[in-house]
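Please dock the two separately framed chains into a single complex, following the hints provided.
In order, the protein sequences belong to chains L and D. Note that our numbering numbers the first sequence so that position 69 is 69, with each residue one more than the last. In our numbering, each number is its position in the second sequence, counted from 1, plus 1000.
Heads up, a few of these hints could be off.
Once the Cα atoms are required to be at most 20 Å apart in a straight line, the calculated SDA-like pairs of lysine to any residue come out as [to be verified]:
hint, chain 1, residue 1, chain 2, residue 2
1, D, LYS1097, D, HIS1114
2, D, LYS1147, D, ARG1219
3, D, LYS1017, L, THR173
4, D, LYS1214, L, THR173
5, D, LYS1281, L, GLY165
6, D, LYS1093, L, ARG29
7, D, LYS1017, L, PRO47
8, D, LYS1147, D, THR1162
9, D, LYS1141, D, LYS1286
10, L, LYS145, L, SER121
11, D, LYS1017, L, GLY158
If you're looking for bench data, these hints aren't it; they were derived computationally from the structure.
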Amino acid sequence: MAVKSLIKYEVERDPDFAQWVSHVIGGERIRNCIQCGLCSASCPLSPYMDFTPRRLMHMAREGFKRDVLGSFTIWLCTSCYSCTVECPRRIRVTDIMYALKRRAIEDGVYPRRFPIPVLASEFRGMIRRNGRVTETWLVFLVFMKTAILRLLGMSKLGTKLLLTGRMGILPETIRDRKQLQNLLDDVEAHRKEVAA
Amino acid sequence: MKRYLYYPGCSLRGTGKAYEESLLAVFKALEIEMEELEDWNCCGATAYMSIDEVSSFALAGRNLAMAEKKNLDLLAPCSACFLVLNKAQRYIKEYPKVAQTLEHGFKAAGLEYHGTTKVRHPLDVLINDIGLERIKACIKKPLTGLKVAPYYGCQIVRPYATFDLMYYPVTMDKLLRAVGAEVVDYPLKTRCCGGSQKGTLPEVGLSLIHILLKEAHRREAHIVSTICPLCQFNLDAFQEEAGKKYGEISMPVVYFTQLLGLAFGFSPKELGLERNIVAAKQLLAKFAPAAA
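In isolation and in its complexed conformation, chain D is listed as follows (with noise of 0.2 Å):
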């Protein structure tokens, strides 16, 4: 059985409580452990970095100190997190003096950090450690039918691709195969949503956001599939916004994990469907119909 320290970060306690469920569900079908990182902190995120970097890369570090305890890949299932932790760890190698100042914050915290922490991305766990056969084994309603487009947004394979291509990523359309639907094709699978900028700039935001959902719209996806909450949440809280502003779509939004959860059988409910804003429990009735 294999065995993975998990953190959830912020959103998944928040506004992204449906990909921790859908996450833990089908992690736990396909009989993977996951054990909380005890006392996890914020990542920091895009926000600690505009304001000071130095103590972002610390903020990731107790994390990363705290996982290499525990001599366990570490699980990070939001793009954000991802990112951050990654990238903390690179530059701690990378730029000598800032090894040098958080190594001497390590010490005044009491806190003790190698540099061996492996990050990991679900997408990644499951297509390498895991494998198609064994997701394919666990499926009980196929999404048969159901045309799907692939959203990954940018922090996830930008700027370190570590198991996926850098331009035109592939996990999440074989995930998604395997389970049955249909993948299309998504030239805007790594652009940007714009992230916190439709809180910031709402003009800016929504029309990132509505370029997003044309495109899946015309490539006749009946959803978009995504890997991010914060993506999740604004292509579906803003959706009707964009709408108004730029013509109505309908596209629900959900997590890769929700998609992979209904074809192994869970309910719409066990896997936080309940909570879109744009309704996809009747879409996902049509093709899976079992479940719903």
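Here chain L stands alone, though its shape is the one from the complex (with noise of 0.2 Å):
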């Protein structure tokens, strides 16, 4: 058992941390928090955090870049808006989770090999390519690249959907995919100027 302090001290802030979740688009109300924790009660996946939602958006707030970034709550979010809905302060907190999880990809502080970052870029690479997903291809390209071995323990659900006939094979695309690269070309070429 790794022993550790559990206090934080004020040097171990990040203050232009502390700016930017203020500043990213839904983090702007962050600073009223009043700590009540309607957020994390009514979060179905509290159970297990490592830091509940209340505790991550004080953290946050405060500063404390590397807890919240390196913390499993945020990829255990599945953006189901309870807490966005319960909150009394208005904190769109889903909005701020989903810029924590973008912080950690693009600083590269997630785990290793965890597979939900690995989806989100499979995913996006599908978009770029083709304009759809096909549910088949995305779950094979993710598990060839952090689970091969799930992959043989899921022949018999595999095989199951391929008998009710839903599984998709041919890849599914659009037909003006130039209009659809130009547009998101355009706007990944910009949106550094965009409130982040």
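Below is the structure:
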């Protein structure tokens, strides 16, 4: 069992991070948080989190960047928006979770070979290539990169899906892929200017 | 005759095929015309937002822009699509910088968007545009005695409750009652099914799935009625695995449109009921005998 200090010190704070989090889309009211805990109480995933949403919001706005971005919590969020609709201070907790995920991916601080960021990036790649997602291929690509062995364990389910005609084999694509790519290229080139 | 622009989304062309089949059947019976949005692209779902939020609004935005030109309400049956399209639309209005970036992007792609597209859900259309009376008039085989747990999942009423109550939605309950089914009180009706968590963190996903099934069982439901392709997939495809871990429950999980379709006299095959992993056919044959 690893022993570590549970007290947080002023010097560990990163004021730039605290600034950043109150400027992300949806983060504008984070400083209004009264730590009531309705976000944590309503969250169906909080039993599995290392820091509950309430604690994470507090740590984020105070600038404890390493704890926040290294936390399991952000990867457990399924964006069901319970916290967001419960918050009496109208803080968009779900949006902040999204922003923290993006920051953790950008800074490369998520757990290695962790399947959620891999899923997200394969998903994005597929949309950029085809414009649509073919679930079968998406699942296949993610497992190839994260847990090849688990693919074998899924053959039974795969067979059932195939037999019930629920597994698309041919990749779905849109016709005007060029238009979509132009749109995404342009937005990506300019999005740095957006409040983030 | 009512006419809508139809945005199927990726799932209704894959694991959620039965949703599309039953939805189109039911809408046809009600003489609702559906025109598929030409060359629609993926909405971005929850995954794209975790990588690049503004681009995810652009993805949704392309669909909204193409729909706007058609001047018809855009029907999005998948919960993730419904949420993402709604969210993109709102955030374009709320955050001027998002709007600016997208406007620039739309121009580069030869698109135009003025923010007027109306995103609708089938439940909303059935209750508010069509009405229960017309639905009742289509019943050939009422689902008398069938006890249904109505499961809405998260993203239909959260965070935007545009057509139903946020904490205890009732539109699906009303439709199911209208076709003769008994709707059990199901307090977990808007609790999250875990989304893609079953794939990424299986132990967490399984427990969320089990909690929902167990509650439906405890409430003596025969069947769970869903409105989301991912909810249906989770509760159906992983039911056996959850059962092995937490105790077996046999609970068919279908789309609400499949139940409406049965009452309208469509065959299980026409409604995609044969695509279920936990078979629903035998059970439904008991309650809508002529239909099976």
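Results of checking the hints against the structure:
no. : hint                    : in the structure
1   : D:LYS1097 <-> D:HIS1114 : holds (15 Å)
2   : D:LYS1147 <-> D:ARG1219 : holds (9 Å)
3   : D:LYS1017 <-> L:THR173  : holds (17 Å)
4   : D:LYS1214 <-> L:THR173  : violated (39 Å)
5   : D:LYS1281 <-> L:GLY165  : holds (16 Å)
6   : D:LYS1093 <-> L:ARG29   : holds (18 Å)
7   : D:LYS1017 <-> L:PRO47   : violated (34 Å)
8   : D:LYS1147 <-> D:THR1162 : violated (27 Å)
9   : D:LYS1141 <-> D:LYS1286 : holds (12 Å)
10  : L:LYS145 <-> L:SER121   : holds (11 Å)
11  : D:LYS1017 <-> L:GLY158  : holds (16 Å)
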